[in-house]
Amino acid sequence: MSVATGQPTGQPAVDLREPAGWRRTKNRIATILMWIAFVCTLIPLGFVMFTVIQKGANAITWQFLTGNPIPVNVAPPGAPGGFAAAIVGTLIITGFAAVIAIPLGILGAIYINEYGGKGWLAKFIAFMSDVMTGVPSIIMGLFIFTIWVLHFGYSGLAGAFALGCLMLPVVIRSTYEMLRLVPDSLREGSYALGASKSRVTLTVVLPAALGGIVSGALLAVARAAGETAPLLFTVLTVESINSNLFQGANTALPLQIFSNATSPYVGAEQRAWGAALTLIAITFILMIAARLITSRFATDTR
Amino acid sequence: MTVTQADPAAPAGSADSLTQHRALGDRTFQILALAAGLLVLVILVLIAVSTTQQSTSWFTTQGWSGIFSTDWDPTNNKFGALAFIYGTAITSVIAIIIAVPVSIGVALLLTQVVPARTARPIVWIVDLLAVVPSVVWGLWGILVLAPWLQGIYTSIASGVNGIPVLDNLFGQPVSGSSFFTAGLILAVMITPIVTSLSREVIATVPTIDKEGAYALGATRWEMIRGAVWPHSQGGVVGAVLLGLGRAMGETIAAALVIGSSPQITSHLFATGYSMPAVIANQFGEASGEFRAALIGIGVLLFVITIIVNLGARGIVERSARRARGA
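Top to bottom, those sequences are chains P and F.
Residue numbers for the first sequence follow the numbering used here, so the first one is 24 and each next one is one higher.
Residue numbers for the second sequence follow the numbering used here, so the first one is 185 and each next one is one higher.
Calculated from the structure, these hints are not laboratory results.
Any given hint might turn out to be false.
DEER-style ranges, computed between Cβ atoms [claimed, not checked]:
(1) F/W413 with P/N267: 54 to 64 Å
(2) F/P348 with P/E200: 44 to 54 Å
(3) F/P331 with P/R47: 43 to 53 Å
(4) F/A219 with P/A80: 39 to 49 Å
(5) F/W332 with P/R319: 27 to 37 Å
(6) P/Q270 with F/P414: 26 to 36 Å
(7) F/P390 with P/V62: 22 to 32 Å
(8) F/D311 with P/A80: 37 to 47 Å
Glycine included, each C-beta is placed from N, C-alpha and C at the ideal position.
Between the sequences and the hints, there should be enough to build the whole structure, so can you do that?
Next comes the structure, spelled out in structure tokens:
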């Protein structure tokens, strides 16, 4: 830079505003490295999305989505058979898991934030629920297998329990974060009007945080919908639609992808890609819904 | 509320019953909330108890030396888990080595370099990585990535042939499905969580520290090294540990791309096995002591991940408290 213009001649041109060359270069290298790190995350994402869409789009037909499943070993490559059983299974199992885990998670978060306050028990529960988010999903599958499947057999319900166990701590965490953002003045205002604590919580605090709670819950559902490991030993796989959640083995999209990915039969790959695209579409719809609710909520509070 | 307005004028008795009535509803709700909170603890205890119960026969018949042996031969009732423990350790270490620099780089980019408006879509994209289901990563890994990596591994192996240490790490035998492929996929999968946790920690650095560094004439990089890093070091270590816990427990993607052969070898491009992968692949045909052994491996995995998570959460919590207090 031409800063030296105002300086008396004879003195070295020291630029006080701009760092010396090598320091500037180092700074620039660091910035470039950070952008490279970002590109490193973009490459696998773009690559996997491209492959799934390209290969999955070929497999998806109306018959694929609604048709009767054809057993893996006899299906000809051109007609991959339907995935209706898996789609129905994923929807009812994940749906029921959400029905169990979301209310319990919200209640748990209400205890931690509204009732427990600064007590040791609330802190301990919050801490352990964070630890529980780190329990591997396959352990949840083994857990439900040992306490439920061994006694009552395989069913969609067992799978829903396993997914519910995975979702519970995530819902607690996200709800707790949202409840913490509700200003105390709202609570105090309602108390001043003579409302009881449960009433304040249910009619004032929860509605104020609702947008964030719903979007956090939807994200938890989206993650759970893609889980395979908890369903492996709780749901098994079947080849026909089983819309009864409570009885008999069931199936789900991730399970079908897993069994097709390792299957040597012709056409299995194509089926797996089709199912992968369907599964990604379901999880992305849930995630986009969550984002829309979040942004709606954000503009409301402004 | 009309009821409350009537309160002062009402006789004492009715006000009493009103409070009692309220107290009952209030108490019920509080107990419900407490029960939901305690459910977390109950589930964690039940996991430990029920899985341990189902796997006692593995612990009693094999003994410690049996458990920690490399002998995995279900047909002859030999259930040594060491190869799986080794595979889990190797793949998660590879995942951490790859994912940590990337995650910290992205976290610094988001918090220190780009403005908030640019940061939002970047956060969105990184979070998308977490939404892609694990089985889809596995499918892509086994059908697209592994065949492609096979060629690269082969040329690297021929390149290092004969060089002492490198040959042991990267030499033959090579396979597309290997420790390294699994580590690579795991790295991609844990990047979002390490990034978002590091970002949270780094965002707690006080603006005044950063401005101070700038005022002393520091460049952005010098500011990051001098003001941001010392402040967030501890929290970032916690975030990395959490990522490690995730990598160790990741099941389906690893099961598909690790190659499924229980062996202990220094060759990173060779096929291997990991603890969650062996449970996922072999549980279906297991019964009796075989099943007990697989559940036992699950218990080991549970204990390890709980310890890692307890440590990580402790570190994150402590550094967050220090950041608030400082």
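Hints, verified against the model:
One distance hint, 54 to 64 Å for the beta-carbon pair F/W413 and P/N267, holds here, with the actual separation near 57 Å. Against the hinted window of 44 to 54 Å, the Cβ-Cβ separation of F/P348 and P/E200 comes to about 52 Å, which satisfies the hint. A beta carbon spacing of about 44 Å between F/P331 and P/R47 agrees with the range 43 to 53 Å that was offered as a hint. Remark: the range hint 39 to 49 Å for F/A219 to P/A80 is upheld by a beta-carbon distance near 47 Å.
Restraint check, F/W332 to P/R319: a C-beta distance of roughly 42 Å breaks the suggested window 27 to 37 Å. Range check, P/Q270 to F/P414: about 59 Å between beta-carbon atoms, so the 26 to 36 Å window is missed. Remark: the range hint 22 to 32 Å for F/P390 to P/V62 is upheld by a beta-carbon distance near 30 Å. Checked against the hint of 37 to 47 Å, the pair F/D311 and P/A80 fails, with Cβ atoms roughly 24 Å apart.
The structure does not agree with the numbered hints 5, 6, 8 stated previously, though it agrees with the rest.
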